[in-house]
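Asker: Go ahead and model the full structure; you've got the sequences and the hints to work with.
Per my numbering, the sequence shown starts with residue 9, numbered consecutively.
Note that these hints are calculated values from the structure, not bench results.
One thing to keep in mind: the hints can contain errors.
To be verified - Cβ-Cβ distance ranges computed for the label pairs, FRET-style: (1) 50 x 142: 49 to 55 Å; (2) 50 x 143: 51 to 57 Å; (3) 137 x 103: 28 to 34 Å; (4) 141 x 112: 29 to 35 Å; (5) 127 x 72: 17 to 23 Å; (6) 79 x 99: 27 to 33 Å; (7) 78 x 103: 34 to 40 Å; (8) 124 x 47: 20 to 26 Å; (9) 139 x 103: 34 to 40 Å; (10) 143 x 47: 45 to 51 Å.
To be verified - Listed next, the in silico BS3-like pairs over lysine-lysine satisfying Cα-Cα at most 25 Å (straight line): (11) 38 x 92; (12) 62 x 46; (13) 75 x 62; (14) 86 x 62; (15) 62 x 92; (16) 119 x 92; (17) 75 x 142.
Model, not experiment: these values are computed from the prediction.
Yeah, the Cβ is synthetic: ideal placement off N, Cα and C, and Gly gets one too.
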Amino acid sequence: MVSTEVVLYHLQMEQSRNNGLQQRTEAFAKECIYICSKLRENATTRPIITQLVKASSSVGANLAEAKNASSKRDFRNKIYIAKKEAQEAHFWLEIIRSLLLEEDEKILTLKEECREFVLIFQASVNTINKQNSKQPNT
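Answerer: This is the structure we're talking about:
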């Protein structure tokens, strides 16, 4: 049986999917931080919690930096870093899910959000790379 909290969470994530990417990354970071706040902290879990909080919040932070990039190259680099951070967050979420057995449904939804971020960011990087390859060298 699925809890009311999980149903509400899925509804919130669906709503955030309809919002802009910045709002989605913010909601993602907040949910990861919430999950981390519920974990029992000890010598084993502390580094995992720290890494997930850093990676999940860095996705949105790098997207925000990309919006104010000084050049197309700077924009590409920030988006690429956001992609890498989403991949790292996915890794830490899987560690929490498989080893710590915490909030399985929420974690699966967050992992799916990570996958979507990676696809979105990689598509942006690919577009920029194609545009750069079409430009004549000056």
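Asker: For each hint, tell me whether it holds in the structure or not.
Answerer: Hint-by-hint comparison with the structure:
Distance hint check for residue 50 and residue 142: the Cβ-Cβ separation is about 53 Å, which falls inside the suggested range of 49 to 55 Å. At about 53 Å, the beta-carbon gap between residue 50 and residue 143 stays in the expected band of 51 to 57 Å. Distance hint for residue 137 and residue 103: a CB-CB separation of about 31 Å, consistent with the stated range 28 to 34 Å. Separated by about 43 Å at the C-beta atoms, residue 141 and residue 112 break the suggested range of 29 to 35 Å.
One distance hint, 17 to 23 Å for the beta-carbon pair residue 127 and residue 72, holds here, with the actual separation near 20 Å. At about 30 Å, the beta-carbon gap between residue 79 and residue 99 stays in the expected band of 27 to 33 Å. Between residue 78 and residue 103 the CB atoms are about 36 Å apart, so this pair conforms to the stated range of 34 to 40 Å. Distance hint check for residue 124 and residue 47: the Cβ-Cβ separation is about 24 Å, which falls inside the suggested range of 20 to 26 Å.
A hinted range of 34 to 40 Å holds for the C-beta pair residue 139 and residue 103, which are about 37 Å apart. The beta-carbon spacing between residue 143 and residue 47, approximately 48 Å, falls within the hinted interval of 45 to 51 Å. Proposed proximity of residue 38 and residue 92 is supported: the alpha carbons are some 19 Å apart, at most 25 Å. Taking the CA atoms of residue 62 and residue 46, the gap is about 16 Å. The hint holds against a cut of 25 Å.
Of the supplied pair hints, the one linking residue 75 and residue 62 holds, its CA atoms being roughly 20 Å apart against a limit of 25 Å. For the given pair, residue 86 sits about 16 Å from residue 62 by alpha-carbon distance, which is consistent with the 25 Å threshold. For the suggested pair residue 62 and residue 92, the alpha carbons sit about 12 Å apart, so the restraint of at most 25 Å is met. Between residue 119 and residue 92 the CA atoms are separated by roughly 14 Å; this keeps the pair inside 25 Å, and the hint holds.
Between residue 75 and residue 142, the direct Cα distance comes to roughly 23 Å. Compliance with the 25 Å bound is thereby established for this hinted pair.
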